[in-house]
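Sequences and hints are given; from them, build the entire structure.
Start counting the sequence shown at 438; every next residue gets the next number (our numbering).
Worth flagging that the hints you see were computed from the coordinates, not collected in a lab. Certain hints may be false.
To be verified - Label pairs and their in silico Cβ distance ranges: (1) P549 - P487: 39 to 49 Å; (2) S511 - T489: 30 to 40 Å; (3) G490 - H546: 30 to 40 Å; (4) T551 - V515: 17 to 27 Å; (5) G531 - T551: 33 to 43 Å; (6) T512 - K491: 30 to 40 Å; (7) H532 - T512: 31 to 41 Å; (8) A488 - Q508: 30 to 40 Å; (9) L530 - P509: 35 to 45 Å; (10) P478 - H532: 30 to 40 Å; (11) S511 - P533: 32 to 42 Å; (12) P509 - G531: 41 to 51 Å; (13) A523 - N500: 16 to 26 Å; (14) T551 - E493: 25 to 35 Å.
Glycine included, every Cβ here is placed at the ideal spot set by N, Cα and C.
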Amino acid sequence: MQTLQKVGLFTFTWAATIGSVAATPSGKDGILPELSQATTPVTLMAATDPATGKSEFRYQGNNTPPVIRVQPGSTLNVEYKNELAAQSREDCLGHPCMQMTNLHFHGLHVSPNTPQDDVLDMMASP
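Given below as structure tokens:
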């Protein structure tokens, strides 16, 4: 693995609760409506906002992060795409950000077997 000086890690927090795979968009009235059941694989994307040049996550073309509910014991297949611009306009400690990202899980059982939840070696580059 190439030595990395700075790594910008994006974090997705997934909730394992009773229910189906669903996404929750932003509601104009402050209420977040539930969408209908989705099937896996779920595609998540890291992208660059063309107006601001800042990094953001996208799900189904929307920059509101999804809420995904999965029943315990279920399998969730996630396709993760890094579509960030090759050259960042954002500053990371005085230098352009490197545009690498990954998925990182909190609150779930993660296998201790390789590649598990390896935030340093499992990076997606643009």
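To see whether the hints hold, each was checked on the structure:
| no. | hint | result |
| --- | --- | --- |
| 1 | P549 - P487: 39 to 49 Å | 41 Å, holds |
| 2 | S511 - T489: 30 to 40 Å | 36 Å, holds |
| 3 | G490 - H546: 30 to 40 Å | 37 Å, holds |
| 4 | T551 - V515: 17 to 27 Å | 18 Å, holds |
| 5 | G531 - T551: 33 to 43 Å | 34 Å, holds |
| 6 | T512 - K491: 30 to 40 Å | 33 Å, holds |
| 7 | H532 - T512: 31 to 41 Å | 39 Å, holds |
| 8 | A488 - Q508: 30 to 40 Å | 38 Å, holds |
| 9 | L530 - P509: 35 to 45 Å | 40 Å, holds |
| 10 | P478 - H532: 30 to 40 Å | 34 Å, holds |
| 11 | S511 - P533: 32 to 42 Å | 39 Å, holds |
| 12 | P509 - G531: 41 to 51 Å | 44 Å, holds |
| 13 | A523 - N500: 16 to 26 Å | 20 Å, holds |
| 14 | T551 - E493: 25 to 35 Å | 30 Å, holds |
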